[in-house]
Amino acid sequence: MPSQDEIYTKVSATLVEALNVDEDEISPSSTLQGDLGAESIDFLDIVFRLEREFAIKIPRGELFPEAIFQGDPEFVKDGRVTDKGLEELRQKMPFADIGKFERNPEVTAISDLFTVDMIAKYIQGKLAN
Amino acid sequence: MRYAESQGSTRQKLIQGWKETNMRLKDQVALVTGGSRGIGRGIVKALAAEGAKVAFIYKGSQSSADSLVAEVTAAGGTIKAVQCDVTNHAEAQKVVDEIEKEWAPIYVLVNNAGVIRDGLFVRMEPEDWNTVINTNLNGTFNFCKAVAFTMARQRKGRIINISSIAADHTNQGQTNYAASKGAINSFTRALATELAGRGVTVNAIAPGFIETDMTEAVRNKAGDIIKKMIPMKRLGAPEDIANAAVFLASPEAGYITGQVLKIDGGLSLGSAHV
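Sequence order for the protein chains is B and U. Residues 1 to 129 (this note's numbering) make up the first sequence, in order. Residues 1 to 274 (this note's numbering) make up the second sequence, in order.
Just so you know, the hints here were simulated from the structure itself, not pulled from any lab data. Here the structure is a predicted model, which is why all the values come from computation and not from measurement. Hints are supplied without guarantee of correctness; some may be wrong.
[To be verified] If we take Cβ atoms under 8 Å as the criterion, some of the chain B residues that face chain U in the derived model are:
1. Ser29
2. Glu39
3. Ile41
4. Leu44
5. Asp45
The beta carbon of each residue, even a glycine, is placed where N, CA and C say it ideally should be.
Looking at chain U on its own, in the form it has when it is part of the complex (with noise of 0.2 Å):
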């Protein structure tokens, strides 16, 4: 594990170009995996002008992870960063006992670590199958198996795994993805059962086309036909992410449990016309 923090000496009231905020998560403890880049960011973005203390999980991306600890800690927000492979079970508890010993116990948990490794199923190899399950789902388990007792023995606690529309509405070439957002789906809901005595919430949310590194080359690939397939004919941005995510962490969103959430501008409505 490597640690690069920061703590910001005046929390201001956003990071720049931001809209205000109500600091809805003012000093509650969050941790976002897979939060260099992508929806992650935006999502780590997002719950640090809430007033969050974030800590994020990346795994290779270092300049990434110091940029966006740099950007928030501007802004005058308090985040740390820590390398982690999501698919080690032991380092995941590792990580989420030492940010609770270091701030206090996690009330927001989101699992964003997210691969793809898409390709035809006759020619998928085991070890493309496995990536994407050991990422998507097994990454999911460890941090939720991480956090789970101590939310539920906190009697409070936020858990928003990133699934995708692609687990309902499936593309060609992405059978791995689909069985682990599909999956995740399931076990959001089988989670959102057993904590929910406890006032744990556990939710979804599906993107749709969002315009990160990941879908790129699908971007490059399809052009302009996804925005036509998309009813409301942009693709999405990690912030209309973000946001439905701070909603779900958010005080007002406290009845809200095993639900999977679309954000995909339409298109799973199914009615566009290319």
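Extracted from the complex, chain B is given alone in its bound form (with noise of 0.2 Å):
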């Protein structure tokens, strides 16, 4: 199994073939919609490359949940994600650090946890399992 460093080094490089984006414009912090630029078909992309890249596959919206919460009241409450709905979104995506969007749960930063890291992450589980 690759180093955590090897596996960051090529989804770092998949990110740049996927978003066309320079390397130096990416780092394990970056959010992949506000700094990266990505937009809904770049995922598809970036999904599709992963799988190639690690020779694994990733099931529809497991890496990149779609409409997590449905507009359900009970995980989110005037704009704010409910206690309920950072639950669901820990079972979800266990490979997400949320511990910052926890302490400000707007509804609309949901898109920055989508990060570098996270998608290192991911795949570290998804390799070592």
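Need the complex rebuilt from these two chains, each delivered in its own frame; the hints are there to steer you.
As structure tokens, this is what we get:
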């Protein structure tokens, strides 16, 4: 199994290709949408490239869950993710670091969970299994 | 699927009688559905004359397909005929996969395959409705679906959907056809927004009355009345549409997306007197 560094390097190279960005724009905490400009179709491309790069299968919605809360009032209230919603996030995205998000869980900030480091952690977990 | 393929040895500037081109699509791969006759045939020839490797889909017109392959080959172009029913989703993907495997990712897709089943709505059978929607609209979906992700990943590609002015300027007896073409216009705009970020353009061309087999029955029935309705006083030729398709496929049109270009000699302006 590749080391954490090796995984990160490969993830970073994958994002350079998929998002047409320079390598020096990418850091572990870069957010895919905010910092690297990813659009919806880019997420599909990232998944496609990661599958090939790491020879793994990524089920739809596993790495990048779509419409996590489905507008469910139990999960989101007044534009903020509820405790139950946070629990749902932890369950669906165990590889995401939601510590910072928890302190100010504005639903609009949820895309900030999608970082380079998050992908690397997901891949580590995937390869470990 | 049936293949009738040919590779020209030396690509001359032109297919006989054509004007000189700038080879703006040299060695790019193009796919044209409904390519053996009418407007599609004109588009196939025009793309080949610009240096593109052109695969075209035909359904039943074997002799037309053969003659087109022969004509383009004789002029030094690269062309391949593929028999396929555009309404078959799985087959569309298979055709695209095979072309991309043999040549390269498709750069230009022209969804031209279309049929008419005219009839007053109160007498229209579901079969007439479904045939038109399946071929014109779902066929367009099938081939767009087959190429879109690869184009997006390549960050290049041109999709050109052949619509009709009948989408906006309706004729009696064409509820099915108008619905299919109106849907193509909306689909074109919606898909354009999804692919724009990846540099892939999606446009439609809406021809008016073009001299083809499809309009023959109407032309025979209406005769000169049609010409009088058209401000330019003539029917369009397939080349009139093909020239626009080449432009939309060319580097010069790289910033144009989500548009529906009417090419009808002014017919849709509504200013002509019969």
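Results of checking the hints against the structure:
The beta carbon of Ser29/B is not positioned within 8 Å of any beta carbon in chain U (closest approach about 24 Å), and the interface hint is therefore violated. Contact between Glu39/B and chain U, as hinted, is supported at the beta carbon level, the nearest pair being about 5 Å apart and thus within 8 Å. Interface hint status for Ile41/B: upheld, as the beta-carbon distance to the closest one in chain U is roughly 5 Å, under 8 Å. Because the smallest distance between the Cβ of Leu44/B and any Cβ of chain U comes to about 7 Å, under 8 Å, the interface hint for this residue holds.
Checking Asp45/B against chain U by beta carbon gives a least distance of about 6 Å; that is within 8 Å, so the hint holds.
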